[in-house]
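Peer 1: Sequence:
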Amino acid sequence: MNTNFDNDNNGISRRIFIVGGGMFVLSATVLGQLWNLQVRQGGKYTLLSDKNRIRLTPIQPQRGRFLDRNGFPVAINSSNFKLSYFSENGKDSSKALEKLSKHINLNSKHIDKIKIDIKKTKNGNPIFVKDNLTIEEINILEKINEKEGFVIKNVNKRSYIEQEKFAHIIGYVRKKRASDHINSMSISGVTGLEYRYDNILRGQMGFVKTEVNAVGDSVKILDKNESISGQDIILTIDRNLQEKVYTMMKGKPGAACVLDIRNGDIMALCSSPSFDPNDFVSGFSEKEWRILNNNIHKPFLNKAINGEYPPGSTFKMMVALAGLESGLLDPKKKIICEGKTDFGDRTFHCWRDKGHKEVDLRKAIKVSCDTYFYKLAARLGIDRIALMAYRFGLGKNYNLISERESKGLIPDRRWRKNNLYNSRWGIGDTVVAGIGQGYVTATPLQLAVMIGSIANKGFNISPNLISSPVT
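At position 95 of the sequence shown the residue is numbered 95 (the UniProt record's numbering), and the sequence of numbers has no breaks.
Hints are computed from structural coordinates only; laboratory data are not their basis.
Keep in mind that this is a model prediction, so the values were computed, not measured.
From the three backbone atoms N, C-alpha and C, an ideal C-beta is built for every residue, glycine too.
Since no wrong hints were added, every one of them can be taken at face value.
Between beta-carbon pairs, the in silico distance windows are:
(1) Ile-221 <-> Glu-308: 53 to 63 Å
(2) Leu-292 <-> Gly-71: 27 to 37 Å
(3) Arg-346 <-> Asp-260: 35 to 45 Å
(4) Pro-469 <-> Gly-426: 45 to 55 Å
(5) Asn-399 <-> Met-249: 17 to 27 Å
(6) Ile-221 <-> Val-155: 17 to 27 Å
Below 27 Å or equal to it, Euclidean Cα-Cα: the simulated DSSO-like pairs (lysine-lysine) are:
(7) Lys-175 <-> Lys-153
(8) Lys-153 <-> Lys-220
(9) Lys-287 <-> Lys-109
(10) Lys-457 <-> Lys-407
(11) Lys-109 <-> Lys-99
(12) Lys-157 <-> Lys-113
(13) Lys-113 <-> Lys-176
(14) Lys-375 <-> Lys-354
(15) Lys-457 <-> Lys-333
(16) Lys-109 <-> Lys-157
(17) Lys-244 <-> Lys-298
(18) Lys-366 <-> Lys-334
(19) Lys-175 <-> Lys-109
(20) Lys-375 <-> Lys-332
(21) Lys-366 <-> Lys-354
Produce the complete structure using the sequences and hints provided.
Peer 2: Structure below.
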């Protein structure tokens, strides 16, 4: 009897030990997790809690303006009323957006995109809905009940006062494509000087740190850092002269450059046809974009600095100067122009079929006699001509607006060997180069610099487009 009793007690003791041990292990595990959460990761969850109750609202800086040489603004910032939605309001965003679309212009595709943005965006961050709100839309939004959770803000919008006239110089901006709400408010330069000097034009973003309650309403401002405006840029361009030159072009394909030869200031720089950069800010319709993009006259091409064209008779100045410097040209010696001349088995024609009869250098320049410069180029050779052209600013990139500006082409023997299947430079190549044809190309800006340097008695001109110092 005692043995059985002892055995029962031993079994009970083992069960108590096992249960007690299990409870101890479980308690230790729970306590360990509590210690881990409260001590080791307490800072992490405090930070997450702060993120749920604190909202950072960006303060957009004023983008630097573009002014002409006399201080007239040509690119400024104007008002743009923007509608955003806060996803933390606890309401059904889908229903709110669908109701909203009945009052303002939001198509189904736009609504679907907003819904995707809401899912991706953290609570407390605004989701962009629509900008460029009209006065009528603002009045409607003030009245409808669905406005709860939607916020209207007046943000900066880039405006180009002179529209097409400065488009190729200033370029245009667009909103940054960013997933976070802070950078999505920023605009950045895409082309022209807007792109080149974007880092000094954009300024520095400011922030308002606000405490919000559980439904997303602001409780109090915790901190505020004001934005810093971007730097203004003063151009060498004269707005009135730019307008006159552009108007004279009447929308026909071409380019024009007006230089002050005393200091290299560019007073006007036009390319035609052009485009309105404001359309890139407000947005194109598909039809409008297709018309512009398919225009055979290339309105997006800055022909003044990126258009490469045969310089034609303007290049004869380089041939004449190369001849005078080499001593191979007697400016008073006359030749006979009969309207054509032969080199080897090829005949090269003057532009005047009847010829110009007797011509010296002065008359050859005056009447632009091709025959005179055919013969002079043949005597000089292409390398002398090319060297003179380089000295007067041809074949050079001035990097005024972009590092991708065209250099044009001043060919020589080495160029042909390296670029045309190891072929040799021939006399015919030199002859046609002597009148600015063949492989020779230049931009309108380069030709303006060339002619300006001649008018400046041989002193080289370095063209300028920015009047104010840019740091």
